[in-house]
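K.L.:
Each chain is listed here by its residues.
Protein chains: 2
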Amino acid sequence: MARIVMKFGGTSMAGIERIRIVAARLKREWEAGNEVAVVVSAMAGETDRLVNFCREASALYDRAEYDVVVASGEQVTSGLLAIALQAIGVPARSWLGWQLPVRTDDAHASARIGGIDTDALNASLAAGNVAVIPGFQGMTDAGRVTTLGRGGSDTSAVAVAAAMKADRCDIYTDVDGVYTTDPRIVPRARKLRRVTYEEMLELASVGAKVLQTRSVGLAMKENVRVQVLSSFVDATDDPEPGTLIVGEEEIDDVERQLITGIAHDKNEAKVTLTAVPDRPGAVGSIFDPLAEANINVDMIVQNIAHEAGSTDVTFTVPNAELARALDVLEKGKERIGYGALRHDTRVAKVTIVGVGMRSHAGVAATMFKTLGERGINIQAITTSEIKVSVLIEEDYTELAVRVLHTAYGLDAPEAITA
Amino acid sequence: MARIVMKFGGTSMAGIERIRIVAARLKREWEAGNEVAVVVSAMAGETDRLVNFCREASALYDRAEYDVVVASGEQVTSGLLAIALQAIGVPARSWLGWQLPVRTDDAHASARIGGIDTDALNASLAAGNVAVIPGFQGMTDAGRVTTLGRGGSDTSAVAVAAAMKADRCDIYTDVDGVYTTDPRIVPRARKLRRVTYEEMLELASVGAKVLQTRSVGLAMKENVRVQVLSSFVDATDDPEPGTLIVGEEEIDDVERQLITGIAHDKNEAKVTLTAVPDRPGAVGSIFDPLAEANINVDMIVQNIAHEAGSTDVTFTVPNAELARALDVLEKGKERIGYGALRHDTRVAKVTIVGVGMRSHAGVAATMFKTLGERGINIQAITTSEIKVSVLIEEDYTELAVRVLHTAYGLDAPEAITA
Numbered sequence: 001m002a003r004i005v006m007k008f009g010g011t012s013m014a015g016i017e018r019i020r021i022v023a024a025r026l027k028r029e030w031e032a033g034n035e036v037a038v039v040v041s042a043m044a045g046e047t048d049r050l051v052n053f054c055r056e057a058s059a060l061y062d063r064a065e066y067d068v069v070v071a072s073g074e075q076v077t078s079g080l081l082a083i084a085l086q087a088i089g090v091p092a093r094s095w096l097g098w099q100l101p102v103r104t105d106d107a108h109a110s111a112r113i114g115g116i117d118t119d120a121l122n123a124s125l126a127a128g129n130v131a132v133i134p135g136f137q138g139m140t141d142a143g144r145v146t147t148l149g150r151g152g153s154d155t156s157a158v159a160v161a162a163a164m165k166a167d168r169c170d171i172y173t174d175v176d177g178v179y180t181t182d183p184r185i186v187p188r189a190r191k192l193r194r195v196t197y198e199e200m201l202e203l204a205s206v207g208a209k210v211l212q213t214r215s216v217g218l219a220m221k222e223n224v225r226v227q228v229l230s231s232f233v234d235a236t237d238d239p240e241p242g243t244l245i246v247g248e249e250e251i252d253d254v255e256r257q258l259i260t261g262i263a264h265d266k267n268e269a270k271v272t273l274t275a276v277p278d279r280p281g282a283v284g285s286i287f288d289p290l291a292e293a294n295i296n297v298d299m300i301v302q303n304i305a306h307e308a309g310s311t312d313v314t315f316t317v318p319n320a321e322l323a324r325a326l327d328v329l330e331k332g333k334e335r336i337g338y339g340a341l342r343h344d345t346r347v348a349k350v351t352i353v354g355v356g357m358r359s360h361a362g363v364a365a366t367m368f369k370t371l372g373e374r375g376i377n378i379q380a381i382t383t384s385e386i387k388v389s390v391l392i393e394e395d396y397t398e399l400a401v402r403v404l405h406t407a408y409g410l411d412a413p414e415a416i417t418a
Numbered sequence: 001m002a003r004i005v006m007k008f009g010g011t012s013m014a015g016i017e018r019i020r021i022v023a024a025r026l027k028r029e030w031e032a033g034n035e036v037a038v039v040v041s042a043m044a045g046e047t048d049r050l051v052n053f054c055r056e057a058s059a060l061y062d063r064a065e066y067d068v069v070v071a072s073g074e075q076v077t078s079g080l081l082a083i084a085l086q087a088i089g090v091p092a093r094s095w096l097g098w099q100l101p102v103r104t105d106d107a108h109a110s111a112r113i114g115g116i117d118t119d120a121l122n123a124s125l126a127a128g129n130v131a132v133i134p135g136f137q138g139m140t141d142a143g144r145v146t147t148l149g150r151g152g153s154d155t156s157a158v159a160v161a162a163a164m165k166a167d168r169c170d171i172y173t174d175v176d177g178v179y180t181t182d183p184r185i186v187p188r189a190r191k192l193r194r195v196t197y198e199e200m201l202e203l204a205s206v207g208a209k210v211l212q213t214r215s216v217g218l219a220m221k222e223n224v225r226v227q228v229l230s231s232f233v234d235a236t237d238d239p240e241p242g243t244l245i246v247g248e249e250e251i252d253d254v255e256r257q258l259i260t261g262i263a264h265d266k267n268e269a270k271v272t273l274t275a276v277p278d279r280p281g282a283v284g285s286i287f288d289p290l291a292e293a294n295i296n297v298d299m300i301v302q303n304i305a306h307e308a309g310s311t312d313v314t315f316t317v318p319n320a321e322l323a324r325a326l327d328v329l330e331k332g333k334e335r336i337g338y339g340a341l342r343h344d345t346r347v348a349k350v351t352i353v354g355v356g357m358r359s360h361a362g363v364a365a366t367m368f369k370t371l372g373e374r375g376i377n378i379q380a381i382t383t384s385e386i387k388v389s390v391l392i393e394e395d396y397t398e399l400a401v402r403v404l405h406t407a408y409g410l411d412a413p414e415a416i417t418a
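In order, the protein sequence lines correspond to chains A and B. Quick note on this note's numbering: the first sequence kicks off at 1 and runs consecutively. Quick note on this note's numbering: the second sequence kicks off at 1 and runs consecutively.
In short, the hints are calculated from the structure, not lab data. On a predicted model such as this, the values are computed, not experimentally measured, just so you know. For each residue, glycine too, the CB sits at the ideal point set by N, CA and C. The reader is advised that the hints may include incorrect statements.
Taking lysine to aspartate or glutamate and the EDC-like style, the derived pairs with C-alpha atoms no more than 20 angstroms apart in a straight line are [said to hold, decoys possible]:
1) K333/B / D288/B
2) K266/A / E56/A
3) K27/A / E56/B
4) K27/B / E56/A
5) K165/B / D176/B
6) K333/B / D344/B
These stretches of chain B come out as covered by chain A in the derived footprint (C-beta under 8 angstroms, 3 or more residues) [what the hints assert, rightly or not]:
7) 48-59
8) 217-231
9) 337-343
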């Protein structure tokens, strides 16, 4: 017997026929003698519909009331899945966010889970019932409805698994796992059987959109074994093995690669200030106002400029924040005292990720050499303990990903064909 | 300053534009210095959509989970109305059934309200906030979601008004009040300014569909002054006076009519058993199995039959229950020992209602004489303290209603024209 949390997204909940397929999958786990809790999203499209109602009612809607409105989507699918389970002989009941309760702070529309009471839940599971829990929703100490932000059901599932001390948390999603890189770019990309929390965080934050980043952080903190699986399986099929997200200690040395995966992100823009005075405080006068404007600055490079006593400063911001960043910098031109302000959206960030690089030297050197051999110019570099990111010209993105994938020995023996 | 409960139905909640009109009406009451609570239905059509999901998921759906699903409709409109109120400068918050809470029994899908906690609500109202309360929903002592049955939001409004000790409970609905009879049949029907709870109960139960019958019973028990008003008014207009539903003591002798209103109901079927043995227990052997089958038997007439020692027994059942009733009676033919089983759906029940008949003799006689003069045959009669019902051939329904309306002096001085 195991304790299992299973999470199904909006595509799996879109209509009664699909809910029935989910119920049948749950039945198989339940019939195997497991204690099963399931976390569900709203029907695909429903949250958008409810969010639009709120926006239409007022551009400056009260987030507490927004939460009351949008939390209803998961309430509906929870009740329906409980009915569908009962219809095939599986005892089940729904547990709304306020019923468990799922306790959160009062940051409405993007609340964080503080804890989940499990006494009633555990008693119900022990009695053989499947627990159906709406994702995305919680309750403040004052008894008001909260939601966790878009994609929050992943986080709900991990939090429920942590509270239940579940043996695993299976997240059924539109992709069937985490790959060494985007298979649309590299057909020989391999599905990873295991990836560490830290690697998943780096891969997610640079564009491998599989799980809400916050859910991965919570899984790491609470040591929840998360498995990503495809929701596109028949009720009677066992799904293919997906990707297990676990602690570093669970990954054998044998299967450990130097590099686990390669991510890319084309949604960055490069900003360059030329001839910035090379004196104390100059850099601060650039980045302080950007931070105040809530603009996320990522890669930062400072070079010695041609003229004596001044430097060039280059950094990246998300494309969506570029216009605001340029506005802030233009207004601060006199105070900063730079020469010219240039920007370039035709750049991409390519990142190699792997816990293996902690114990191996030369990983970054291989990256630079491989890109250099193909004539790909590196415009900026950032590193952390388990990743190296480079900024390159956008047109070279796919080439860079492919040559790095080969250079680090990530290519599958054969191309994966459909 | 008054304490007011206002209730708006699904038509008034159907979309943000209409919700804005409701918000504007509420603002006027709030600006006048009143303490205002508002009870809302789901958007028109939404409850049907949710009920259909449940039915699709399982014909034998769990009513507790059905309640989880269908209660979401009012949750959505509550949050949206609170947002719309805030948008025009009126402080407001929603109070879900479990937040107040509205305590009910555990008869899921048709729960009865036991009481409503008002401490938090009163504090919020005293602080100048409008309280937005979803109708139709409540919570059991065990903390599960319940709903009150279709039309239950009327009952929610009356229960909130009783708990708040509100000065009045205004129910905005698709009709603008209670009329002496159906204006589609009698153009000179008059809108009643006042009607007693008892009269309203009789009028509602025989087909004048304005309020959920249960809400009228609760208003009578709790002595809540209920006003029925048209929701089809502009936000800036005062609505026309509707109909006030009050205790008998509030109605002046001057304005009191002998008969308050005339109702009709074509949804009854007549069943006749001929040659039933005229011995003790025979009637019981007919009606006991019908009661066991939950069939609502209404008018019952027993005549002496032509043959010695046997009688004919005639009664009515709702059309929708006729097939089941005939089935029960055919199966019991031997035990009952009747001659023939006949039925007729071409009948109608016409009812005159008025508390005035308590103190006046001859009211029923006038009815029988008036109908007889027009050649309308009476097939069955039932009476209570404040009503007389007759069963007639369906084709005569409109004629009967018209001649009775005139006979009891209910015709308006002039026809109401659009």
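K.L.:
If you test the structure against every hint from before, which numbers come out violated?
P.N.:
2, 5, 8, 9
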